[in-house]
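Starting from the known structure of chain A, fit chain B onto it as the hints suggest.
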Amino acid sequence: MEGTILNVLRDPAGVPFYPVVFQGLYILTWALHAAFVLLAIGSFGLSLYGSMKQKHDANWKLLNPHLIQTGKLSISLLILLGIAPLLFTQVIYDAGWYVANTLSGAWVFIFIYALVTAYLMFYWYYYANKRNGGGGTFVGLISFLIVVFCGILMHNFAVISISTPAEWMEMYAPGGVIDTSGLNLKWDVVRLAFLVSLSIPVLGIFLQNYSDFVSTKSDYSADFVSFTRKLGTKFAVVGLLISAVLFVLWMMQVGLLMNIVSLATIVSVVILLLMAMFLKNSYITTLWLVVVALLISGIRELIRYNIMSGLGYDLYGYPVNLEIPTIAMFLSTFVILGFTGLAYILTMAWKVGKLENGATLDGTKSAAITKLGNITLGLFVIWMLIYFAWGMVILFKNTL
Amino acid sequence: MDYLGLFPVFYVPDVGSAWLMGLTGAIHIMASHTSVGAAMLFAFLAYKAYKEDRDDLYDYMKRYGMFLLIFSYVIGSITGPGIWYTATAASPRGISALIHNFVWVWATEWVFFIYEVVAVFALVYFIGKIDKKTHLKLTLTFAIASVGTLALIIGIISFMMWPGNDAFYNTGSASDAFFGINTFPHMFLRIGFMIMMSGVIGLIISSAMKRENVELSNELTRKMGYVGLLGGFIALFFFMWYISTLPANAEAVLGLTLDSIILNRIILAILFSLYFFLAILKPQWIGKYLAVIMMFVIGIVGVWPGEKLRESMRKPYVAGQYIYSNQIISRDVPGKGVKSEVEVVASKGLLGVDPWVPDRLRTITPENKLEVGKYLTERACSNCHSLEKGGSYRNMVMLIETKLPGTDKETIKNYMNVIGTGAIPYMPKIALPDEEYDAMAEWIAAQVNN
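Here the protein sequences line up with chains A and B, keeping their order. Each step along the first sequence adds one to the number in our numbering, with nothing skipped, and position 39 is 39. Take any residue in the second sequence, count from 1 to its spot, add 400: that is its number in our numbering.
The set of hints was computed from the structure by calculation and includes no laboratory data. Nothing here was measured: the structure is a model prediction, and the numbers come from that model. Glycine is no exception: its CB is placed at the ideal position from the N, C-alpha and C atoms. It is possible that some hints are incorrect.
[Stated by the list, open to error] Listed below are the simulated BS3-like cross-link pairs for lysine-lysine, each with C-alpha atoms no more than 27 Å apart in a straight line:
| # | chain 1 | residue 1 | chain 2 | residue 2 |
| --- | --- | --- | --- | --- |
| 1 | B | K462 | A | K61 |
| 2 | B | K529 | A | K351 |
| 3 | B | K610 | A | K371 |
| 4 | B | K813 | A | K365 |
[What the hints assert, rightly or not] Partial selection, computed: residues in chain B whose CB lies under 10 Å from chain A:
| # | residue |
| --- | --- |
| 5 | F410 |
| 6 | G482 |
| 7 | W484 |
| 8 | A489 |
| 9 | F526 |
| 10 | A648 |
| 11 | V733 |
| 12 | K736 |
Looking at chain A on its own, in the form it has when it is part of the complex (with noise of 0.2 Å):
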C-alpha cells in the first residue's frame, strides 16, 4: 500500500481549525497527561514498598498514606487529562490513530476494562491501607501491574499508529490472509523504558514539594520533612540518570541526538538534575520540570511528524474548514472560567491542606476564596444563559 493513502484516510469534513494549533495543543495537554501517568506510577509503586514499612517505620507510617492518595488522585487526572490529547491527536492524525484502534481492537476493549479493574482494586488498595494501617499489598501489586499493562497497550496503539502502511497490511492481512480480531500488538522498549523511568524522577521531585509543603506545619517533625526530602532528592538525581541514558539511547535510535530540541531537552534535564539536587525551593524544580515534560512532548511529535510526512503524509496540507464560533467557545472556556474555577479550588485546597488538626477554613473571611467563589459562580451562570440563548437562536433560524 503506498504511503500517499495515509491523506485518502483523513477525514473528508477537513479540520475545524489550522492544523499547527492541534499540534501545539497536542503538546501541551500529552505533558499535562503524562506527568500525571508518571506521577501516579511513581507514588503507586513507591506506596507497595511503603505499605510493608509503614508498620514498623514512624516516617513511613505518615508518609504511605499520603503516597496512596496521591496514586488515587493521580490516576483520576490522568484520565481526565488525557481525554484532550486523545482528542486532538484524532483531529489531525485521524489516519494512523483510526488504523491502530481498528488493528488492535481487540486490545482497545480489554485496555478499558483493565483500566477499570486496576482502578477499583486501587479503592480496594486505599481502604484495606486504612483501615489495616498497611494492609492489602497483594491487592495493591495486582493493581498496579495491571496499571503498567494498561500503559503498555497504550504505548502499543501509539507505536502502531506511527508505523508504516506496508506494516500496517502485513498486520491485517499476514501473508494475504485477512485477520479481523483486533489482536495485534506491537513495542519499541527504548521508547518504553525511557518514559517509564521518567516517573522516578517526577515522584523525586513531587517528594520534594511534599517536604516543602509540611515543613511549614506545626503536626509534622523536623525528622520526617528531613526524611522526605532526602527520599525525594534521591529518587530525583538517580531516577533523572537513568532517564538521561535511556533519552540518548531512544534518540540515537531515531536519529535525533543532534536535532535542537532533542539537545535542548539534553540541557534541560541536566539543568532539572542540578536544581533537584541544589535548590531549596522545589516549587521552582516543578516549574523548570514543566518545561522538560513540554520539551519531551514536542520531541515525540517531532518524531511522528517526521514518520508520517516521510510516508507522504501532508499535516499541513489538511482542508481546513474554519469553525469560528465553537472554537470561540472553547478558548473563551478553557482561559476565562477554566483558569479562574481551578485557581478558585486550588485556593481553598491549598488553605485547607495547611490547617492544623481538627480546625475548619471559613473561607467567608478569606477575600480571595470569596471573590474567586462568586466569579466562577457568576461564569458558570453567563455561560448556561449564553448556551440556551445561542441554541434557541439556531433551532428558529433553521426551524422557522
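The following block gives chain B in isolation, referenced to the frame of chain A:
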C-alpha cells in the same frame, strides 16, 4: 486506484464489534447519569444544610460522595473515553465525523469535566474542613459544571440521530449540527433520568445508614423517594416530546418494536413508582439489598434496552444521517465539501475502493470466492449484525431464517438487491456489483445452511 478512506475491519465473532460499544455505553450511562443527577441533589442538600444549619446532612453527602467517587468517577470516567475507544475500533469513520465536526465542543466539555472531577474530590474531602456557606458555593459550581457536561455532549449524541433539518448539510456549521430539533428534548429527557438515578442511588446510601441514625435514614429515604418520582415524571414527559422529533427511519424501527417498548416502559414506570411510593410511605421497608437490586433492575431492564433501541433507531446511519453504519458516506455535505460514496461503490464495488483488500482477493475467482464473500460481508454488515450461526445481537443467520422465504443463495442475493434499492428504510441504500453480491450471498448461504 480510487480508494475510499476506509479503515481495517475489526470484528468480534458471534457478538459484533458495535455491541462492545453498546455494553460500555450502557455502563457509562448508569455512572455518568448518576453523577449529574447527584450533583443537582448535592446542591439541594448543601443548600438545605446551610439554610437549616444541619450537620447531619454532610454525613450523608460524604457517604454518597465516596460512593460517587468510585461508581461515577472511576467507572464513569473510564467508560466515557471507553465509549470513544470502542467506537473508534468499531466505527472509525463515524467517530471521526463527530470529532471533526465537534472537536471544540468536546474540548469545552473536557474543561467542564476537569472542573467537575476536581470539585467532587474537593467537596467530599472538604466536608467538616470548610464552613457551610463556602461549601454551598463550591457545590453549586460543581452542579452547574456537571449539568454543563450534559449540555455539551447532548448536541453531539443528538446529531448522531440527525440534525433535523438541512442547515448543517449546507453550511457545515457545528452550531447547526449541534442544536438540532431533538437536542433539547433529549437533554431534558436525560435530566429527568439523571434526577431519578440520583434518587435510586440515594436510596442505597440512605438505607445503609439505618444502623447509625434511623431517623435521618428514614427522612432521607423519603426525600429520595420524592426525588426519584420527580425525575421519573420529567423523563417520561420529555420522552414523549423526544419521540416526536425522530426521523422517519427511526420511526420505522420504532414501529417494529413499539408494542414491546411501551410494555417495557409501562412495567418499569409502575415498578419504580411503587418503589418510590414505598420509600415515601414506608421508608423503614427499604433495605440496602432491595435498593441495590433496584439499581441493577434499572440498569439491565431500563438502560440497556433503551440504549439498544436508541442505537437501532439510528440505523442505517451512524452519524448525522450522512455516514452509514458500514462507514460509507451516504450523501453530499456541501458545507463541508463531503461527497457521497454510494455511486463509486456501486460502480467499482467494495473490492475496488477498499484500500485494505490484499491483492490476491481483489479479483473474485472460484478459489477465493468464499473468502472474499466472508470479507465483504464483514465489511458491509458486521457493524450491525453478528454473522455466525447462533451469534448474538441482530444475528444475520437467524434473520434470514425467519424473515426470508428461503435460505438458498439466490433468495439471499435477491434480498440484497432489494436492500440496494433503498426499499428498506433502516438498511443502507448501497448497490454493489453483481459479482460481489454473488460472493456475499454464497458465503452467507453457506453459514445459514451449515
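Cross-check of the supplied hints:
1. B/K462 <-> A/K61: Answer holds: B/K462 to A/K61 is near 25 Å, not above 27 Å.
2. B/K529 <-> A/K351: This hinted pair holds, its Cα atoms lying about 10 Å apart.
3. B/K610 <-> A/K371: Violated: B/K610 and A/K371 sit about 40 Å apart, past 27 Å.
4. B/K813 <-> A/K365: violated, 78 Å
5. F410: holds, 3 Å
6. G482: B/G482 check passes; min Cβ-Cβ to chain A is 4 Å, inside 10 Å.
7. W484: OK, holds: B/W484 within 10 Å of chain A, min 7 Å.
8. A489: holds, 4 Å
9. F526: With Cβ-Cβ at 6 Å, under 10 Å, it holds.
10. A648: violated, 17 Å
11. V733: OK, holds: B/V733 within 10 Å of chain A, min 7 Å.
12. K736: holds, 4 Å
Of the numbered hints listed earlier, those contradicted by the structure are 3, 4, 10.
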